[in-house]
Amino acid sequence: MHEHDVIVVGAGGAGLRAAIAAQEAGADVAIVSKLHPVRSHTGAAEGGINAALRDADSWEDHAYDTMKGSDYLGDAPAVEALCQESPEEVIQLEHWGMPFSREEDGRVSQRPFGGLSFPRTTYAGAETGHQMLHTMYEQVVKRGITVYDEWHVMELAVTDEEDPADRTCHGVVAYDIQSGEISGFRADNGVILATGGMGQVFDHTTNAVANTGDGVAMAYRAGVPMEDMEFIQFHPTTLPSTGVLISEGVRGEGGILYNEDGERFMFEHGYANNDGELASRDVVSRAELTEVNEGRGIEDEYVHLDMRHLGEERILDRLENILHLAEDFEGADGLTEPMPVKPGQHYAMGGIETNEFGETAIGGLYAAGECACASVHGANRLGGNALPELIVFGKRAGRHAAGEEMGEAEVTTGKEGDWEPADYEFEVEVGETGGQGPAAADGGAVATDPDGVLEAEVERAKARVEELLSREGRNHAEIRSKVQETMTANVNVFREEGRLEETLGDLREAREAYKDVAVSDPSRTFNTDLIHTMETRNILDIAEALTMGALAREEFRGAHWRKEHQERKDENWLKHTLVSWNDGEPELWYKPTILEGENKTYEPKNRSY
Amino acid sequence: MSTQTPTQTEESSETDAEADAPSKGDERRDEKRRRAAEERARRQAEEAEKAAADEETVELKVFRYDPEVEGKQEPRFDTFHVPFTKGMTVLDALMYSRDTYDSSLTFRHSCRQAVCGSDAMFVNGGQKLACKTQISELEEPIRVEPLPHAEVRKDLVVDMEHFYDQMEAVEPYFQTNEYPDGELEEQRQTRENREKIKMSTRCIWCSACMSSCNIAAGDNEYLGPAAINKAYRFAMDEREGEDIKQKRLEIIEQEHGVWRCQTQFSCTEVCPKDIPLTEHIQELKREAVKNNLKFW
Ligand SMILES: Cc1cc2nc3c(=O)[nH]c(=O)nc-3n(C[C@H](O)[C@H](O)[C@H](O)COP(=O)(O)OP(=O)(O)OC[C@H]3O[C@@H](n4cnc5c(N)ncnc54)[C@H](O)[C@@H]3O)c2cc1C
Ligand code: SF4
Ligand code: FES
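Protein chains in written order, with full-length UniProt numbering: chain A, 1 to 609; chain B, 1 to 296.
No lab work stands behind these hints: they were computed from the structure.
For glycine and all other residues, C-beta sits at the position ideal for the given N, C-alpha and C.
Heads up, a few of these hints could be off.
To be verified - The calculated lysine-lysine pairs, modelled on BS3-like cross-linking and capped at a C-alpha distance of 25 Å, are:
| # | chain 1 | residue 1 | chain 2 | residue 2 |
| --- | --- | --- | --- | --- |
| 1 | A | K482 | A | K575 |
| 2 | A | K563 | A | K515 |
| 3 | A | K515 | B | K196 |
| 4 | B | K247 | B | K198 |
| 5 | B | K245 | A | K142 |
| 6 | B | K86 | B | K32 |
| 7 | A | K462 | A | K415 |
| 8 | A | K563 | A | K600 |
| 9 | A | K142 | B | K72 |
| 10 | B | K290 | B | K245 |
| 11 | A | K482 | B | K245 |
| 12 | B | K245 | B | K196 |
| 13 | B | K72 | B | K61 |
| 14 | B | K198 | B | K290 |
| 15 | B | K86 | A | K142 |
| 16 | B | K32 | A | K462 |
| 17 | A | K515 | A | K415 |
| 18 | B | K245 | B | K198 |
Claimed, not checked - Take a look, some chain B residues computed to stay more than 10 Å from chain A by CB distance:
| # | residue |
| --- | --- |
| 19 | E185 |
| 20 | Q264 |
| 21 | L293 |
What the hints assert, rightly or not - Have a look at the derived ranges for each label pair, beta carbon to beta carbon:
| # | chain 1 | residue 1 | chain 2 | residue 2 | range |
| --- | --- | --- | --- | --- | --- |
| 22 | B | R191 | A | E312 | 22 to 32 Å |
| 23 | A | E24 | B | K196 | 43 to 53 Å |
| 24 | B | E183 | A | D570 | 35 to 45 Å |
| 25 | A | E103 | B | D243 | 48 to 58 Å |
| 26 | A | Q566 | B | P83 | 38 to 48 Å |
| 27 | B | E27 | A | E3 | 43 to 53 Å |
| 28 | A | E312 | B | R35 | 36 to 46 Å |
| 29 | A | E429 | B | E183 | 48 to 58 Å |
| 30 | B | E137 | A | D166 | 37 to 47 Å |
| 31 | B | K290 | A | E320 | 43 to 53 Å |
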């Protein structure tokens, strides 16, 4: 068994920042990550980091933009924390040597981004995430912070009191991918989940293969609610065969979208008569899918993004990296042919419910980064607002977990404040089907002392692995791809009641099938078959909660579009969706959005640009 | 064979299950191993049939090895036939093979877009990122092997520890003795200087360069192109200041540092991020000479 004051799960931007902060606050901290830190998907971010750095800008304006962008589902205390602290965090990165792009006067460059009233997106070329990830890992090396890399965290070690609010997290159980060893990691002060996105719930995503939402699912099974899971951002221009992102910059420079008949459909089919290709992400994504669904897609799958008319010179000058991406990942030459694109899952606005310090409803358990929901993005994330979230909330969670006094939180967790039960009746049964192995806090051993809880969880994990390795059964890959297919077909940018219900049925079948899952690779060395099998369980839990939220939310807000409900309904829906695992019987409930900020209240306005 | 034969390490399994007499679980696992081998043989036969029927497939010959699985302890090549689709990369073909034919086929990968640096491997005799290599540009059958000059853990997975150690040996973090006074004040850096270090900051730690380097193969302590490039990234960054640059030059001038490089350009050729590694090493040599002259 390993023991530290603070255990950080995940080594992307959020995890690294949390670890540095916890160490600075005096804690003995260790990072446990299934990937080596520099392999984390933060490295894929291109655009930049929003921060009100300049005199002509203000955190108040950034907060206003963010609340509006969130379609008034962000919680003001969290949004304001993000906008107030992002500037100092960005300067901190610069002081750690991050190679930002520069202005003539030597100061860091900023550029305009969608939905922002000031060009405050601070960037390092088209590789901001890569530079940020590496800069922070350098600081982790400098400080000698312990990193257990290629250790896959399987479950949390949480006590099992009846009410999740009474439970405490004492550590995690992890599987060493190199050797097959299973070990407990005891955290005396706190565990911080920073496991990133969950794009693998869908079959077409800009996310990495490792983004399987593990932290969200583990926290959920331990008793922490998932918040606002139905809000998923789909990006309109991703390459069909891999999901690699083609930046909005191409359309910004004048790139045009065509269907199979060579029509400029954004105009010719009236999707956005004013803004055309530059309409917001959700509008363009829906337009593309409509074209495909109505038979005007190319190979029934995608549309064309053409930039040839911009001319070689301009393309090479401003969009050179796009040429490389199209060539390397799609075999398409953007100078001589249009590039195939289609919408792809891009970002999860929802996640593990936390307050503005990263605390969850379970004592000693924190979350930060894309896996968490504080909530700063509400129903729709603005481009450039995820990277600052990693550093602001990573740092806050790290300090808090290390024991720093940070005052009272305004955002509530669990059922501690106002809440109301949902009265939605699902036609399909949801939750545990039995036989998937008991999850943490599912009424297993009644141990409450930290070591006892951890040991019990280690034993359970060992038994689980042993079972998966020794029994016969079906491979997880077909189950995973069925889930991904149904989610992509039905819980996409278009959502309608019947198909959402159908999806719950498909997920039920997938859960049943998962009961018979087995790992055919018997090896203890680098058994990725086993790792992927465990991840698939997490994908299942998340897909289900996400679909439940999508069904129950009968309105159109931000990224969540419903065929039968084409309006934002503020009278009923200025509230967060929460799904609690409830020991295998998922429960849906709501809590109000907090629109009251430090000095003002954000009155819901129309989200038009 | 270009791939080093994996060194057979002692059976030093850390899991207690293996230490004593075989448990029930072990027996079951052994039984499973036998069945898995049969199953593999059956699927491969099926595959070959399919390949004969369908012309649009590509043939992959993939290196296989597992230190603890019967039948895989001796390195071998398995053949996979994968239906070709436009835009298919080597990584796509490997994933298809794994998910369709043999779930034990093992390789590192994550981002699928050449930023995580997980999937450098030896493809048709050259170091490549599998996700960034189009199948249509390769001669068939496509031979996929683990990176040469690294210890093979299993199939296409090699031990990266040595590479990480070298990267971390050059004090790979920003250092300076003075920061601007004002609150929220950034350090200034000229556009020219940022441009100068730009390529060097693009390294994704894939280790393709190290694997391609003859010198590194012969001298295990040689820092290698990627670590020297990391040192370059900081030494050339004007924000660090002269005294720190001094220290950096001393680090890369050590016995196993820049002077080992014989400018063969192999690293520069394989780097998937197009970093001019050899040039950077040469420039550091010149800096070091200049610097030493100062003290004479
Ligand atoms: C292509 C792309 C472009 C983007 N561009 C921008 C942009 O320009 N601006 C912006 O603000 N945002 C952008 N985003 C969003 C932003 O990059 C992500 O939301 C953010 O990087 C997520 O960081 P993270 O630290 O939460 O997670 P990640 O960086 O994904 O890290 C997750 C970590 O958790 C670990 N982990 C996961 N599961 C386990 C487990 N079971 N056990 C142990 N470890 C585990 C992984 O190993 C990894 O280290 C972009 C996203 C994508 C995909
Ligand atoms: S220098 Fe290039 S080849 Fe070497 S590790 Fe970095 S990216 Fe890979
Ligand atoms: S999968 Fe990340 S570099 Fe190839």
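Quick rundown of the hints versus the structure:
1. This hinted pair does not check out: A:K482 and A:K575 have alpha carbons roughly 32 Å apart, beyond 25 Å.
2. Between the alpha carbons of A:K563 and A:K515 the distance comes to roughly 34 Å, so the proposed pair goes past 25 Å and is violated.
3. At roughly 56 Å between alpha-carbon atoms, A:K515 and B:K196 are farther apart than 25 Å, so this suggested pair is violated.
4. Between B:K247 and B:K198, the direct Cα distance comes to roughly 22 Å. Compliance with the 25 Å bound is thereby established for this hinted pair.
5. Of the pairs offered as hints, the one joining B:K245 and A:K142 holds, with about 17 Å between alpha carbons and a cut-off of 25 Å not exceeded.
6. At most 25 Å may separate the alpha-carbon atoms for a hinted pair to count; B:K86 and B:K32 exceed this at roughly 37 Å.
7. Between A:K462 and A:K415 the CA atoms are separated by roughly 33 Å; this puts the pair beyond 25 Å, and the hint is violated.
8. Taking the CA atoms of A:K563 and A:K600, the gap is about 34 Å. The hint is violated against a cut of 25 Å.
9. The hinted pair formed by A:K142 and B:K72 fails the criterion: a straight-line CA distance of about 40 Å is larger than 25 Å.
10. With a C-alpha separation of about 12 Å, the suggested pairing of B:K290 with B:K245 holds against the 25 Å cut-off.
11. Under the criterion of a C-alpha separation no larger than 25 Å, the hint pairing A:K482 with B:K245 is inconsistent with the structure, at around 55 Å.
12. For the suggested pair B:K245 and B:K196, the alpha carbons sit about 15 Å apart, so the restraint of at most 25 Å is met.
13. Among the hinted pairs, B:K72 with B:K61 is consistent with the structure: their alpha-carbon atoms are about 15 Å apart, no more than 25 Å.
14. Straight-line distance between C-alpha atoms of B:K198 and B:K290 comes to about 23 Å, which keeps the hinted pair within the 25 Å bound.
15. For the hint pairing B:K86 with A:K142, the CA-to-CA distance comes to about 45 Å; that exceeds 25 Å, so the pair is violated.
16. The hinted pair formed by B:K32 and A:K462 meets the criterion: a straight-line CA distance of about 18 Å does not exceed 25 Å.
17. Of the supplied pair hints, the one linking A:K515 and A:K415 is violated, its CA atoms being roughly 32 Å apart against a limit of 25 Å.
18. At roughly 18 Å between alpha-carbon atoms, B:K245 and B:K198 fall within 25 Å of each other, so this suggested pair holds.
19. Consistency note on B:E185: stated as away from chain A, yet its beta-carbon is not over 10 Å from all of that chain's, at 7 Å minimum.
20. For B:Q264, the non-interface assignment is confirmed: its Cβ lies about 26 Å from the closest Cβ of chain A, beyond the 10 Å cut-off.
21. Under the 10 Å C-beta cut-off, the non-interface status given to B:L293 relative to chain A holds; the minimum distance is some 28 Å.
22. Between B:R191 and A:E312 the CB atoms are about 25 Å apart, so this pair conforms to the stated range of 22 to 32 Å.
23. The supplied range of 43 to 53 Å is broken by A:E24 and B:K196, whose beta-carbon atoms lie about 32 Å from each other.
24. Between B:E183 and A:D570 the beta carbons are some 39 Å apart, a value that agrees with the proposed interval 35 to 45 Å.
25. At about 27 Å, the beta-carbon gap between A:E103 and B:D243 misses the expected band of 48 to 58 Å.
26. Checking the proposed 38 to 48 Å range against A:Q566 and B:P83 shows it holds: the Cβ atoms sit about 42 Å from each other.
27. With their beta carbons about 35 Å apart, B:E27 and A:E3 fall outside the hinted range of 43 to 53 Å.
28. Look at A:E312 against B:R35: about 58 Å separates their beta carbons, and that is not inside 36 to 46 Å.
29. A beta carbon spacing of about 57 Å between A:E429 and B:E183 agrees with the range 48 to 58 Å that was offered as a hint.
30. A beta carbon spacing of about 60 Å between B:E137 and A:D166 contradicts the range 37 to 47 Å that was offered as a hint.
31. For B:K290 paired with A:E320, a C-beta distance near 34 Å fails the hint of 43 to 53 Å.
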